Amino acid sequence: MILTISSSLLFAAFISYLLATLLFGGAVHGKKDETESHKRFAKYAVWVTLAGFTLNVGYFVCRWIAVGHAPVSNMFEFTTAFGMFIVGAFLILYKAYRMPALGLVALPIAVIVIAYASVFPKDVAPLIPALKSNWLTIHVITTVIGEAILAISAFSGLVYLLKRTNVFQRTRERFALETILFTLVVFIGFILATLTFQATNYQADFQYVDQKGERMPITYTMPALVGMNDSTALTENHLAPFVEAPAWVNGKKVTSVIWSLLYGIVLYGILRILFRKRLVALLQPLVRKADLSMLDEMNYRAVLIGFPVFTLGALIFAMIWAQEAWSRMWGWDPKEVWALITWLYYAAFLHLRLSKGWEGKKSAWLAVIGFAIIMFNLIAVNLILAGLHSYAG
Amino acid sequence: MQCSCGTQNNEQAQFCRNCGKPLKETIDMRYEGAVILSKKKRKNSLERLWSLFASVKFGVTLIILTLVLASLGTILPQVLFIDESAASSTKEAYEQAYGTFGEWYYILGFADLYNSWWFQMVIGCLAASIIVASLDRGIPLFKALKHQRVEKHPLFFEKQRLQLTTDATIPLDSFAQQLKKQKYNVRIEKDNLLAEKGRFSRWGPYINHVGLILFLVGVMMRLIPGFYVDEKMWVREGDTTSIPEATGYYIKNNQFVLETHGEETDAGINSVAKKYATDVEIYQNETAVAGADEQLKRIKSGTIEVNHPLKFDGYALYQMDYRQHELKSMTFSLQNKQSKQSLGTFTVDLLHPKKEYRLDEQTVVQIDGYYPDFEKFDTSGEPISKSPNPNNPAFLMNMVTKEHPKGETSFIQIQKTLEPLGETEYKVVFEKADTRDVSGLKVHKDRTWPLLLIGGIIFMLGVCIGSYFNHRRIWVKKQGETIVLAAHTNKNWYSMKKDVNTLTNTLHLQRMVDMKEQEDAQHDTHN
Numbered sequence: 001m002i003l004t005i006s007s008s009l010l011f012a013a014f015i016s017y018l019l020a021t022l023l024f025g026g027a028v029h030g031k032k033d034e035t036e037s038h039k040r041f042a043k044y045a046v047w048v049t050l051a052g053f054t055l056n057v058g059y060f061v062c063r064w065i066a067v068g069h070a071p072v073s074n075m076f077e078f079t080t081a082f083g084m085f086i087v088g089a090f091l092i093l094y095k096a097y098r099m100p101a102l103g104l105v106a107l108p109i110a111v112i113v114i115a116y117a118s119v120f121p122k123d124v125a126p127l128i129p130a131l132k133s134n135w136l137t138i139h140v141i142t143t144v145i146g147e148a149i150l151a152i153s154a155f156s157g158l159v160y161l162l163k164r165t166n167v168f169q170r171t172r173e174r175f176a177l178e179t180i181l182f183t184l185v186v187f188i189g190f191i192l193a194t195l196t197f198q199a200t201n202y203q204a205d206f207q208y209v210d211q212k213g214e215r216m217p218i219t220y221t222m223p224a225l226v227g228m229n230d231s232t233a234l235t236e237n238h239l240a241p242f243v244e245a246p247a248w249v250n251g252k253k254v255t256s257v258i259w260s261l262l263y264g265i266v267l268y269g270i271l272r273i274l275f276r277k278r279l280v281a282l283l284q285p286l287v288r289k290a291d292l293s294m295l296d297e298m299n300y301r302a303v304l305i306g307f308p309v310f311t312l313g314a315l316i317f318a319m320i321w322a323q324e325a326w327s328r329m330w331g332w333d334p335k336e337v338w339a340l341i342t343w344l345y346y347a348a349f350l351h352l353r354l355s356k357g358w359e360g361k362k363s364a365w366l367a368v369i370g371f372a373i374i375m376f377n378l379i380a381v382n383l384i385l386a387g388l389h390s391y392a393g
Numbered sequence: 001m002q003c004s005c006g007t008q009n010n011e012q013a014q015f016c017r018n019c020g021k022p023l024k025e026t027i028d029m030r031y032e033g034a035v036i037l038s039k040k041k042r043k044n045s046l047e048r049l050w051s052l053f054a055s056v057k058f059g060v061t062l063i064i065l066t067l068v069l070a071s072l073g074t075i076l077p078q079v080l081f082i083d084e085s086a087a088s089s090t091k092e093a094y095e096q097a098y099g100t101f102g103e104w105y106y107i108l109g110f111a112d113l114y115n116s117w118w119f120q121m122v123i124g125c126l127a128a129s130i131i132v133a134s135l136d137r138g139i140p141l142f143k144a145l146k147h148q149r150v151e152k153h154p155l156f157f158e159k160q161r162l163q164l165t166t167d168a169t170i171p172l173d174s175f176a177q178q179l180k181k182q183k184y185n186v187r188i189e190k191d192n193l194l195a196e197k198g199r200f201s202r203w204g205p206y207i208n209h210v211g212l213i214l215f216l217v218g219v220m221m222r223l224i225p226g227f228y229v230d231e232k233m234w235v236r237e238g239d240t241t242s243i244p245e246a247t248g249y250y251i252k253n254n255q256f257v258l259e260t261h262g263e264e265t266d267a268g269i270n271s272v273a274k275k276y277a278t279d280v281e282i283y284q285n286e287t288a289v290a291g292a293d294e295q296l297k298r299i300k301s302g303t304i305e306v307n308h309p310l311k312f313d314g315y316a317l318y319q320m321d322y323r324q325h326e327l328k329s330m331t332f333s334l335q336n337k338q339s340k341q342s343l344g345t346f347t348v349d350l351l352h353p354k355k356e357y358r359l360d361e362q363t364v365v366q367i368d369g370y371y372p373d374f375e376k377f378d379t380s381g382e383p384i385s386k387s388p389n390p391n392n393p394a395f396l397m398n399m400v401t402k403e404h405p406k407g408e409t410s411f412i413q414i415q416k417t418l419e420p421l422g423e424t425e426y427k428v429v430f431e432k433a434d435t436r437d438v439s440g441l442k443v444h445k446d447r448t449w450p451l452l453l454i455g456g457i458i459f460m461l462g463v464c465i466g467s468y469f470n471h472r473r474i475w476v477k478k479q480g481e482t483i484v485l486a487a488h489t490n491k492n493w494y495s496m497k498k499d500v501n502t503l504t505n506t507l508h509l510q511r512m513v514d515m516k517e518q519e520d521a522q523h524d525t526h527n
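Residue numbers (the numbering used here), protein chains in the order written: chain A, 1 to 393; chain B, 1 to 527.
Think of the hints as simulated: they come from the structure by calculation, not from any bench. All values reported here derive from a predicted model rather than from experimental measurement. Don't take every hint at face value.
[To be verified] In silico BS3-like cross-links for lysine-lysine, where the CA-CA straight-line distance does not exceed 25 Å:
hint, chain 1, residue 1, chain 2, residue 2
1, A, 39, B, 190
2, B, 181, B, 498
3, A, 356, B, 39
4, B, 402, A, 362
5, A, 289, B, 516
6, B, 445, A, 132
7, B, 337, B, 406
8, A, 356, B, 24
9, B, 21, B, 190
10, A, 95, A, 163
[Unchecked claim] Partial list, computed: chain B residues near chain A (C-beta under 10 Å):
hint, residue
11, 70
12, 102
13, 169
14, 317
15, 396
16, 452
Even glycine gets a Cβ: it sits at the ideal position worked out from N, Cα and C.
Using the sequences plus the hints, can you model the full thing?
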């Protein structure tokens, strides 16, 4: 019952964020300077975002009550929380800087993150003993909040680069920026691929030989392009894999990456044909009114605000919890190492910005790369590098 | 460097030490123009080394190097997480699991990267860089800010990012009044005013560096014997055993409890463990002399659960693992094969089996051989035990009865009996087995944690001071009919501008000009 309410609230929040994105679009469109109409759009957009965030918090609270522990214990819950806190962090920075163009990046990315979360199983699973600790709750929630604030820095960097880059000239910068937008499209591709195959209820069972030489069953939920090591099909009338992966490569995961890329390329192609422009050129008019020096300011201010929160959550609270649960505060587990890498990266960022005077484009690129590291830690480390934190399965 | 006022200055000085006139085309406000050792032009080799470690570029390079090396260690699992049971060596284990790539990963030392000397050397250099850089700039900055002048040279104003020249006639006192309202500390000297707030935020980076160093020292101290213990141990239910690395301490396992989610299954298989805990008592040996009869005194009792360790005398015991249903004892009966009549039963303690079990005056079962973890017979027919743990006990028994005073030999395994020396009249029949659980614990002692904790707290404090507070200054100078203003902050210019706008609005002045914004605007029109 309460679980149903929580998913309805999440869906409502999701719709609100989509609506708010459109409204923010209204607040920045056109070539003219800011008018009363723009300001009205911005006001509505913020109110809708705030309403959506409230609904999102409602989801969080309801799910917490329903599952009996903080809803940050599996990939679905954690990623949804990340999306929610991105919106929260955006609202806080919007209050200080009032920049609608930022909403035009933050909200769509929050939407993608939440949609991405929804492809993971939403089942309520009991916690293993090691995860039953208040420190874990504190550790994870603080970390997610820190990462969300750091993400805002990347969003302002992205807006800055969109505005500053000459999109009509062939430069490495334009190429890099277009690649980033393409990556976002591939993300949407992954979500679409998962949803379409889910809708058609695609399931193909295989048996394969794992690293230890044992026969194991596996179920593909997307048509198998790359098979598992030495696999045989158990169900008929399903696509047979074109190639087979070696034992230490998970063919199922490679398959979903390839499908995401295919969907992403098709989607990107459609956009290019439809608008006859690169995505950078398509989006640039939307950021025309953004104030460069304010974006540059936000770029490092968000890191300054987020860095201490991230340190506390991802390193200090993590160490305290690890000490309580595993009797060692640090174990060089891949997820831990990547948290340390993220931390080191932002430490380097702050030194370059505040002591070496890297401003403008340089600093904007650094912020964008930082977000890529956070996303790598969120997605790739769980999917590729196994460890204690790999609760995604 | 000679100033126009005639004073000879240090060649790297940014301002004249006499009149305060800027000596360089662009001024670097980061260290208040203080004379910094690493910025000296002519250096001896020691000073060159110092400058290297003091430079931000070198520091950032080390951070990035650490980051890249750390990430390489996550490509494949580290040796700690590798299952070596099927391979003859660690290298082979990597090769089996990850092919040639795995083999090279091991050969290049990435498999145990975080313990490698080169990774630790990079961390060491990073620590050195933190110390040197902090001393190199922290001390001159502290001195410069402590002795900063209220009066600034007219050229100083022209080189600031936020500036304003006005011919409004406003007394400095009005500025002072308004700035005090805005929570600034105000000093006035003749025609000059300096308003300042949040200077302490400049110490943030140096404070957090101190915290980091303390933390790293704490980590190093773990190498000193006696400061750090991290040992695994197994305790069987009902047993009392000594605690490794904690001389004189003993632990008794009273009971191991396992709760599972969902249906209870026999071996806990296919069910997620919900909670597991061990009821224990801790004893300490009171006898002072080693080897004397041990007198154990109970010092603590309690339950060890995941996330809830039991602590005593600086040690902590953590629940880590368990083995369920380990065989504790087996009960047999001696039967006549034909009449099925039993001559009695006996129970063998599998950890401490007796030499013989007497059933009555004439009946004895002698244990000639005990193989707790029987695997197979070797080529000469000798039974082999895989381990000392009673996982698959087997016995060579001699049954002495009234009919067979010399005894009959039988080899007893679980659900199987062999008669190696010919058919026997009697046989030993397995009646029942008692099992118990074994609790896997971790003994932990860490005398370095107070330092780690203090380091961590100081670091967080420094980061917060440096991140959430800003050092803002406003200078006002009366020059005849005109007043010049300049403002500077180490970061967060947006809020600094809000501050100066409040000031200029209240005093009905024009807004201060942001030189950087003007540059950006020029840049935009050029585009």
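For each hint, the structure was consulted:
Of the pairs offered as hints, the one joining residue 39 (chain A) and residue 190 (chain B) is violated, with about 47 Å between alpha carbons and a cut-off of 25 Å exceeded. For the given pair, residue 181 (chain B) sits about 14 Å from residue 498 (chain B) by alpha-carbon distance, which is consistent with the 25 Å threshold. The hinted pair formed by residue 356 (chain A) and residue 39 (chain B) meets the criterion: a straight-line CA distance of about 14 Å does not exceed 25 Å. A hinted pair counts as satisfied when its Cα atoms are at most 25 Å apart, and residue 402 (chain B) with residue 362 (chain A) does not qualify at roughly 97 Å.
For the proposed pair residue 289 (chain A) and residue 516 (chain B), the alpha carbon gap of about 18 Å is at most 25 Å, so the pair holds. About 23 Å separates the Cα atoms of residue 445 (chain B) and residue 132 (chain A), which keeps this hinted pair within 25 Å; it holds. As the CA atoms of residue 337 (chain B) and residue 406 (chain B) are separated by approximately 18 Å, the hinted pair is consistent with the 25 Å bound. The suggested pairing of residue 356 (chain A) with residue 24 (chain B) holds, with an alpha-carbon distance near 18 Å, which does not exceed 25 Å.
With a CA separation close to 18 Å, the supplied pair residue 21 (chain B) and residue 190 (chain B) stays within the 25 Å bound. About 22 Å separates the Cα atoms of residue 95 (chain A) and residue 163 (chain A), which keeps this hinted pair within 25 Å; it holds. The restraint placing residue 70 (chain B) at the interface with chain A holds, with a minimum CB-CB distance near 5 Å, inside the 10 Å limit. Residue-level restraint check for residue 102 (chain B) holds (minimum Cβ-Cβ distance to chain A is 8 Å; threshold 10 Å).
Evaluation of the residue 169 (chain B) hint against chain A yields a violated restraint, the C-beta minimum of about 32 Å exceeding 10 Å. The interface hint given for residue 317 (chain B) holds, since its Cβ lies 9 Å from the closest Cβ of chain A, which is under the 10 Å cut-off. For residue 396 (chain B), the interface hint is violated, since its Cβ never comes within 10 Å of a Cβ in chain A; the closest pair sits about 35 Å apart. Interface restraint check: residue 452 (chain B) against chain A, minimum CB-CB distance 8 Å, threshold 10 Å, status holds.
Of the numbered hints listed earlier, those contradicted by the structure are 1, 4, 13, 15.
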